[in-house]
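Participant: One-letter residues, chain by chain:
2 protein chains.
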Amino acid sequence: MIKTKGYAAPTAGARLEPFSFDRRDVGARDVLIEIQYCGVCHSDIHQVRDEWGGSIYPMVPGHEIVGRVARVGAEVSKFAEGDHAGVGCFVDSCRTCRNCRDGEEQYCENHLVPTYNGTEKDEKTPTYGGYSTRIVVDEDYALRIPSSLPLQNAAPLLCAGITTYAPLRRFKVGEGQRVGVVGLGGLGHMGVKLAASMGARVTVFSTSPGKEQDARKLGADDFVVTREPGWSEALAGRYDFVLDCVSAPHDINAYLGLLRREGALALVGAPEKPLEVAAFSLITNGRTLAGSMIGGIRETQEMLDYCADKGISSDVELIPVQKIEEAYERTVRGDVRYRFVIDVASLKGE
Amino acid sequence: MIKTKGYAAPTAGARLEPFSFDRRDVGARDVLIEIQYCGVCHSDIHQVRDEWGGSIYPMVPGHEIVGRVARVGAEVSKFAEGDHAGVGCFVDSCRTCRNCRDGEEQYCENHLVPTYNGTEKDEKTPTYGGYSTRIVVDEDYALRIPSSLPLQNAAPLLCAGITTYAPLRRFKVGEGQRVGVVGLGGLGHMGVKLAASMGARVTVFSTSPGKEQDARKLGADDFVVTREPGWSEALAGRYDFVLDCVSAPHDINAYLGLLRREGALALVGAPEKPLEVAAFSLITNGRTLAGSMIGGIRETQEMLDYCADKGISSDVELIPVQKIEEAYERTVRGDVRYRFVIDVASLKGE
Numbered sequence: 064m065i066k067t068k069g070y071a072a073p074t075a076g077a078r079l080e081p082f083s084f085d086r087r088d089v090g091a092r093d094v095l096i097e098i099q100y101c102g103v104c105h106s107d108i109h110q111v112r113d114e115w116g117g118s119i120y121p122m123v124p125g126h127e128i129v130g131r132v133a134r135v136g137a138e139v140s141k142f143a144e145g146d147h148a149g150v151g152c153f154v155d156s157c158r159t160c161r162n163c164r165d166g167e168e169q170y171c172e173n174h175l176v177p178t179y180n181g182t183e184k185d186e187k188t189p190t191y192g193g194y195s196t197r198i199v200v201d202e203d204y205a206l207r208i209p210s211s212l213p214l215q216n217a218a219p220l221l222c223a224g225i226t227t228y229a230p231l232r233r234f235k236v237g238e239g240q241r242v243g244v245v246g247l248g249g250l251g252h253m254g255v256k257l258a259a260s261m262g263a264r265v266t267v268f269s270t271s272p273g274k275e276q277d278a279r280k281l282g283a284d285d286f287v288v289t290r291e292p293g294w295s296e297a298l299a300g301r302y303d304f305v306l307d308c309v310s311a312p313h314d315i316n317a318y319l320g321l322l323r324r325e326g327a328l329a330l331v332g333a334p335e336k337p338l339e340v341a342a343f344s345l346i347t348n349g350r351t352l353a354g355s356m357i358g359g360i361r362e363t364q365e366m367l368d369y370c371a372d373k374g375i376s377s378d379v380e381l382i383p384v385q386k387i388e389e390a391y392e393r394t395v396r397g398d399v400r401y402r403f404v405i406d407v408a409s410l411k412g413e
Numbered sequence: 064m065i066k067t068k069g070y071a072a073p074t075a076g077a078r079l080e081p082f083s084f085d086r087r088d089v090g091a092r093d094v095l096i097e098i099q100y101c102g103v104c105h106s107d108i109h110q111v112r113d114e115w116g117g118s119i120y121p122m123v124p125g126h127e128i129v130g131r132v133a134r135v136g137a138e139v140s141k142f143a144e145g146d147h148a149g150v151g152c153f154v155d156s157c158r159t160c161r162n163c164r165d166g167e168e169q170y171c172e173n174h175l176v177p178t179y180n181g182t183e184k185d186e187k188t189p190t191y192g193g194y195s196t197r198i199v200v201d202e203d204y205a206l207r208i209p210s211s212l213p214l215q216n217a218a219p220l221l222c223a224g225i226t227t228y229a230p231l232r233r234f235k236v237g238e239g240q241r242v243g244v245v246g247l248g249g250l251g252h253m254g255v256k257l258a259a260s261m262g263a264r265v266t267v268f269s270t271s272p273g274k275e276q277d278a279r280k281l282g283a284d285d286f287v288v289t290r291e292p293g294w295s296e297a298l299a300g301r302y303d304f305v306l307d308c309v310s311a312p313h314d315i316n317a318y319l320g321l322l323r324r325e326g327a328l329a330l331v332g333a334p335e336k337p338l339e340v341a342a343f344s345l346i347t348n349g350r351t352l353a354g355s356m357i358g359g360i361r362e363t364q365e366m367l368d369y370c371a372d373k374g375i376s377s378d379v380e381l382i383p384v385q386k387i388e389e390a391y392e393r394t395v396r397g398d399v400r401y402r403f404v405i406d407v408a409s410l411k412g413e
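Protein chains in written order, with our numbering: chain R, 64 to 413; chain E, 64 to 413.
Do not rely on the hints blindly, as some may be mistaken.
[What the hints assert, rightly or not] In silico DSS-like pairs for lysine-lysine, Cα to Cα no more than 25 Å straight-line: (1) Lys411(E) / Lys68(E); (2) Lys66(E) / Lys184(E); (3) Lys336(R) / Lys336(E); (4) Lys411(R) / Lys66(R); (5) Lys235(E) / Lys235(R); (6) Lys184(E) / Lys141(E).
[What the hints assert, rightly or not] Chain E is faced by these chain R residues, among others (derived, beta-carbon under 8 Å): (7) Leu330; (8) Ala342; (9) Arg350.
I should point out that these hints are in silico values taken from the structure, not numbers from a laboratory.
As the structure is a prediction and not an experimental result, all values here were calculated from the model.
C-beta: ideal position from N, C-alpha, C; glycine also.
Here chain R stands alone, though its shape is the one from the complex (with noise of 0.2 Å):
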């Protein structure tokens, strides 16, 4: 076994402290990644504070893990001794229903084994994420971290990125079309950069005035403030997508107005009480709500590599794992730019 620290979290919503656990020995097929980077998702947040239900205490949360490979199994061909590496929101799945067939995995109708909060497939073994030390993942669901990357700034890529790559992709975002992000946060200003860099003409809709400046740098050509009511009106049927990255509870109806005909919005963040969504918002235009989560594998690897290419990562504050209490207060209240990532090295004193 192979002793490893982290910080977890003893009971539902109460502060994280030092947590000793020990991650299994390195199979044939797994690498053992030192763990350099975590970011801090607003799902780590809900997880352990059980506002999503059934969560497992202690829970060490984290799911986008970057590092240095230190060891590898002997089947492992992927991979090799000091490669950068990342870890996202599952290290596991059937691998046999169509989804996993697919390279959908995320997806998995029998059993998707995310990286934290859940058990490996035996039903039993807890799962432990990324504010530790190191971690044992099979190399199938591990992805390649490009050296041109910082690597620090990559760590939200594993479930931010994706998140936001993957309804981009999926809804032919491209060249010339006019694609709307909704709320800048860690989500946010991802979607902002990715479907600028697709050729999209990007509008920001934040309630956030002060977040202007901010917007237009990461990429977007236009800012609408979306405080008063009837912001919407002269802007209906312009938009071909709209990537609604906010959790919290906000007028659907608003946005889908925003949608030409047969144009797509795609909800990336998950409000806990029901949308309401009046039927002839959809009815009107032929419009689509879509849900998406997070990506495969394989589409993971395609935006890490296409990130690369385009020199897309994200904007983080780097904090020590100490400060993980007042970065999840600074994440709730949205005061982050855009995405607090926790220096690993920072749990080797504890």
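Assemble chain E onto chain R, guided by the hints.
Facilitator: Relative to the frame of chain R, chain E by itself:
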């Protein structure tokens, strides 16, 4: 001007009564259709009762119109005297916007002229629908009714037919797919016939156990009664496409849950209250909730030709116009198999 007899609602919610009015003279590009049958659509009732707001009175409802061409203008090329012709939900549009140019006039961005309860492009002259003896319409907005289709059964194709055909085509329903049809009424029964004709394995979801035999006769392979909670659990992720024809409040999340990865539910009913859509219903499996509204002229003609080719038309109950109130009551309580059609000959004596 062309003298016309009709049935009209004089005010919101009042009983329909005989009403005489003039149709415009036949212009160079117009056809005069002697109406023989007109279908009774649930939206006639909504509009007569001003349930969607903005109704114009007196209102002559009816947008599932078929009859015989009695006269054609000098420049008409698509029709000759004696042809069977039909009129659907609209009789004109701007012809210049992107949607009109794409042949999707139903989504006209400037002025869709509805067959009734609207105004002509002068924004003054009211339009009157098919509960009447004749109609004058620009040939570009009239449909050819293939002679092999029984005329009275063809009438509902102009709304119920195209409304279900368009999303089945848009979402590429075909051989071997599993398709659900929710609600077995005017729309649903066409959805079953059309989806089955395209090679899909069709399941009808209904609150009425008594409709099973009919569903199977119409072409369904399976029938699921949706009264008991939990009915959907065993079917999760099994369906490629769901056509939701229900206007009454219903649990959309249960139906979304039926969909496989990237499967779509198309909404063609229009519930008055917003649908409560759980974000996870969409995010799981990357599902899509789409709206769809009738169809363009080109696709409506394609649908009519397709129906003629496949021998598909609507199951109807023929009524004299004098029984319209009873037909409305029975439509509202779902007591019709599956569409009332007015025999316009009954207007002759009024």
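Participant: It remains to establish, for every hint, whether it holds in the given structure.
Facilitator: Hint check:
1. With a C-alpha separation of about 8 Å, the suggested pair Lys411(E) and Lys68(E) falls inside the 25 Å cut-off, and the hint holds.
2. With a C-alpha separation of about 22 Å, the suggested pair Lys66(E) and Lys184(E) falls inside the 25 Å cut-off, and the hint holds.
3. This hinted pair checks out: Lys336(R) and Lys336(E) have alpha carbons roughly 16 Å apart, not beyond 25 Å.
4. At roughly 12 Å between alpha-carbon atoms, Lys411(R) and Lys66(R) fall within 25 Å of each other, so this suggested pair holds.
5. Between Lys235(E) and Lys235(R) the alpha-carbon distance is near 18 Å, which keeps this suggested pair within the 25 Å criterion.
6. For a cut-off of 25 Å, the pair hint linking Lys184(E) to Lys141(E) stands: about 23 Å separates their Cα positions.
7. This hint holds: Leu330(R) has a C-beta 6 Å from the nearest C-beta of chain E, less than the 8 Å allowed.
8. The restraint placing Ala342(R) at the interface with chain E holds, with a minimum CB-CB distance near 4 Å, inside the 8 Å limit.
9. Taken as an interface hint, Arg350(R) checks out: its beta carbon lies about 6 Å from the nearest beta carbon of chain E, inside 8 Å.
Comparing the model with each numbered hint stated earlier shows that all of them hold.
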